[in-house]
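Undergrad: The primary structure of each chain is shown beneath.
2 protein chains.
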Amino acid sequence: MSKNSLGREIPDIWRGRVLRPYRDPFSVQPEGPRVARPIRRVNPGDNKLLGSLREAIEASGLRDGMTIGAHHHLRNGDQVLNSVVKEIAAMGIRDIGIASSSIHPVHEVLIPFIRDGVITRIESGVNGRISRMVSTGQLDVPIVTRTHGGRGRAMMCGDIKVDVAFVGAPTCDEYGNICASKGPSACGVVGYSHSDADYADCVIAVTDNLVPYPAFPISIPQTKVDYVVQVDSLGDPSKIVSTTTRVTTDPIGLQIAKYAATVIDLSGLLKTGFSFQTGAGGASLATAANVRDLMRKRGIVGSFGAGGITGYFVDMLEEGLLEALFDVQSFDLKAVASVGRNPAHIEMSADMYANPFNAGCVVNRLDCVVLGAREIDTNFNVNVNTESDGTLNGNTGGHADTAAGAKLAIVVAPSIRARLPIVRDEVTTISTPGETIDAIVTERGVALNSKYQALAPDLRRRGIPVKSIVELRDEIYGITGAPRPIEFTDNIVGLVEYRDGTITDVIRQVKG
Amino acid sequence: MSKNSLGREIPDIWRGRVLRPYRDPFSVQPEGPRVARPIRRVNPGDNKLLGSLREAIEASGLRDGMTIGAHHHLRNGDQVLNSVVKEIAAMGIRDIGIASSSIHPVHEVLIPFIRDGVITRIESGVNGRISRMVSTGQLDVPIVTRTHGGRGRAMMCGDIKVDVAFVGAPTCDEYGNICASKGPSACGVVGYSHSDADYADCVIAVTDNLVPYPAFPISIPQTKVDYVVQVDSLGDPSKIVSTTTRVTTDPIGLQIAKYAATVIDLSGLLKTGFSFQTGAGGASLATAANVRDLMRKRGIVGSFGAGGITGYFVDMLEEGLLEALFDVQSFDLKAVASVGRNPAHIEMSADMYANPFNAGCVVNRLDCVVLGAREIDTNFNVNVNTESDGTLNGNTGGHADTAAGAKLAIVVAPSIRARLPIVRDEVTTISTPGETIDAIVTERGVALNSKYQALAPDLRRRGIPVKSIVELRDEIYGITGAPRPIEFTDNIVGLVEYRDGTITDVIRQVKG
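Listed in order, the protein sequences are those of chains A and B.
Here numbering that gives the first Met the number 0 is used: the first residue of the first sequence is 0, the next is one more, and so on.
Here numbering that gives the first Met the number 0 is used: the first residue of the second sequence is 0, the next is one more, and so on.
Hints are computed from structural coordinates only; laboratory data are not their basis.
Every residue gets a Cβ at the ideal spot worked out from N, C-alpha and C, and that includes glycine.
Hints may be right or wrong, so weigh each one.
[What the hints assert, rightly or not] Ranges of calculated distance between the beta carbons of each label pair, as one might list FRET restraints:
| hint | chain 1 | residue 1 | chain 2 | residue 2 | range |
| --- | --- | --- | --- | --- | --- |
| 1 | B | Gly267 | A | Asn42 | 19 to 29 Å |
| 2 | A | Pro250 | B | Asp314 | 53 to 63 Å |
| 3 | A | Asp45 | B | Leu293 | 22 to 32 Å |
| 4 | B | Glu30 | A | Ser1 | 40 to 50 Å |
| 5 | B | Pro10 | A | Gln28 | 36 to 46 Å |
| 6 | A | Asp45 | B | Ser1 | 22 to 32 Å |
| 7 | B | Thr248 | A | Glu54 | 52 to 62 Å |
| 8 | A | Gly116 | B | Thr271 | 44 to 54 Å |
| 9 | B | Asp231 | A | Pro456 | 45 to 55 Å |
| 10 | B | Ser4 | A | Pro211 | 32 to 42 Å |
| 11 | B | Leu293 | A | Glu317 | 38 to 48 Å |
| 12 | B | Thr271 | A | Gln28 | 50 to 60 Å |
| 13 | B | Leu293 | A | Asn42 | 23 to 33 Å |
[Claimed, not checked] Calculated lysine-lysine pairs in the DSSO-like style (CA-CA distance at most 27 Å, straight line):
| hint | chain 1 | residue 1 | chain 2 | residue 2 |
| --- | --- | --- | --- | --- |
| 14 | A | Lys270 | B | Lys181 |
| 15 | B | Lys510 | B | Lys2 |
| 16 | B | Lys270 | A | Lys181 |
| 17 | A | Lys160 | B | Lys160 |
| 18 | A | Lys257 | A | Lys296 |
| 19 | B | Lys257 | B | Lys296 |
| 20 | A | Lys466 | A | Lys257 |
| 21 | B | Lys257 | B | Lys406 |
| 22 | A | Lys2 | A | Lys510 |
[Claimed, not checked] Listed next, the stretches of chain A that the computed footprint assigns to chain B, with coverage defined by at least 3 CB atoms under 8 Å from CB atoms of chain B:
| hint | region |
| --- | --- |
| 23 | 35-41 |
| 24 | 208-219 |
| 25 | 319-327 |
| 26 | 356-367 |
In isolation and in its complexed conformation, chain A is listed as follows (with noise of 0.2 Å):
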């Protein structure tokens, strides 16, 4: 058990694995070469296309103790992994590892088959009752939590060995051209499956919309997808890709979103080529409102928006307010129907999104992004893992990546939610560390972290309220109270691992 630099006690060994702990945003060398597939030969007439789920997972060699991947485009929808389980489980297959880039509250039907030990390993944040009961001692299996550029760089250095991939593919071929932005199940792009394109052993791409030869715009090859297998339905489309994404109405989100806004404006950032990220949520979402209407305002056209995509940085694309759009995901069905349509809307890959360990991927470009938060600290770290009772929900996605890469990385949320003090001495569990995060905004004011303490004086001139992020939190803490302390067991029961491999903090279970 050793401190890492946030403060947190990390095992040297967990389950078998040598923990690294956490040091600093960038300073980790990768070692050695990347994971390379085996080579395999496909000679013309060979068929690919198989008759059903199980004769893919027969043809792909897959057996106990091997690790399988999967992605979260299908979102709630998704009942490719739940499939693939079930049939996993009827093979008689046990002790099988899921890498995913997201597990969802769909994915509950799973919770048998980890009782039966037919999977035992999750490489992969988890939303829903999956990993509440996992945090709460009722189930009992391994959950490593990654950034997205982070499960892009542990499959390139081989951390997690996929050695079946899974891709709910949209629209497919028999070829296996896997193209996301057709079909009923369209999901815009499968910028997460491309690493496991890349390094799985084998690759099976799962289709409710088998076309003919050749399916485009292509996502992922036919030279990277070993078997093609055609099923009923890959889920539940309404549940698949919202129909669409909002700016809040919420007077609170409105005035977080001002007061970003602001910090924006005032950073120097906003100008010509200014490339911007922000979520899906209501106040980052007017956030962009506003930074849209100071472009409109002063004629600056952007670089890029990149991240998961939303219709909103659609709109801002086709009036011109950006050159290109970088798509990991599509949030919702504008951004499906644009990336099929503009060229300037680009697909990536997680790897070229976020992955700390390549020639450069695209969050080191970015200016600013913002970001959400369940809790936050006054070192500035971010915990967007747990919930406030301490249990685990919730995957980091591309929060820890983009504060690293973006020169400036705000963090907006409300300071009280549900009682409860937002910012406080302690976050329940490090996601994001503070030092890539550079301010804090709320609607009581705005902290900044080191590195823009020179706004203040131009903030507080615009009539922002500027706090340090103690002030901040004892402001809140007189409002709700000090937070009671959770109670946790010594058992571990997950990671949170940054991006580069080492570990910024650990779940534990909750007393209870």
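Go by the hints and put chain B onto chain A.
TA: Showing chain B alone in chain A's frame:
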């Protein structure tokens, strides 16, 4: 020394390399994993744009004995490879191998650097003076001619280890996103460089059109490009891309095209979903013209055209006769303009085009390819590498790849060129094994290989003279006489490597 299955004597070892003799088109199985690039880290703010070629070469760590990668997308207008080698020589680096997709006459300025020991290996087919000098013993540098798919395979398998790849980038941003379809030196696509980007230890983009981030559409992404260098010019645009490629007006060529189109018509392949490739030669395009007319007349919509793409195929795409184009190199200005505009005009890597050792290449999906030939023998073996005087002059390109992949591989050629018989007892060099060639079409008639013998009666009914390959040879010899055998020394100056890495033939020094 042992005979391969084509009857050619192949040494066991040549210049330190153990040779595997060619056996058959499809049975060689790959072993082991792919080559893996080393993992590096690029942090926010790190600079990838270097001030000069020399700085980039220094940064790459290139040193004596290493191999550089290059491509021939700039064809006979290329100045990138010449500039790179000059700089390498000026830096005092020696014993460098060149692994290009082709060497052109424009590269003859490299001859002094070969003489001086700066360049000691050419892992590429060669057109022009270098190969003629090597063939006649005036220049000593081993030449390994590969197919386009074979180059991708060789890089994937580590048979060619490229230490530093130089990619001429018609448009590029400072972070290394390469766009081939825009800029003063636009060449449409850079399909041959994708394998360099995947497998070289270091990748340098050389551009004469540095644009604000991000450059797109992206041919090769920033994640695979280590350094970017700006130069005044990539070369001579008038020699980079043909203004137009044209259907032949020569009566012999038109006769051949008519015969070839009839073979295609009768093959049973010309129906919905038809896939098709021809070279840019006049008789090949005239064949395409006839096929297009048949498709129009019958309302046939084909699946795809592939290979090097000409404006002719762009017309077929835009007319709705083909659903898609897979483009590994754009042959003319119309193709260059199309690839940046038509979503159905898809850039493909040489790996996707033709590598036999991935999960399925595009040539495997070809119904019909129409190919040229310098010589054809009575076993249907084809020579595209050597001239009739025995000198090496030419790349195999996609010839052997598409012949192996396509259901119907047709070779079109005049029966006599410069008073020499094109069909003969033995070809000077076996570039493409006869067992992958289905029909030889000359103006004197058509010779069918075993798979399509059954077409003979129908062809005759259409008035096409069908002859055995021996009859065709005899008829031609009756006019030209048997060709005088070329005298060679025992000195092997080059190899003709098949797409699977085995050797179909060696190139011997011409006596004289």
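Undergrad: Any hints from earlier that this structure breaks? Give me their numbers in increasing order, please.
TA: Those not satisfied: there are none.
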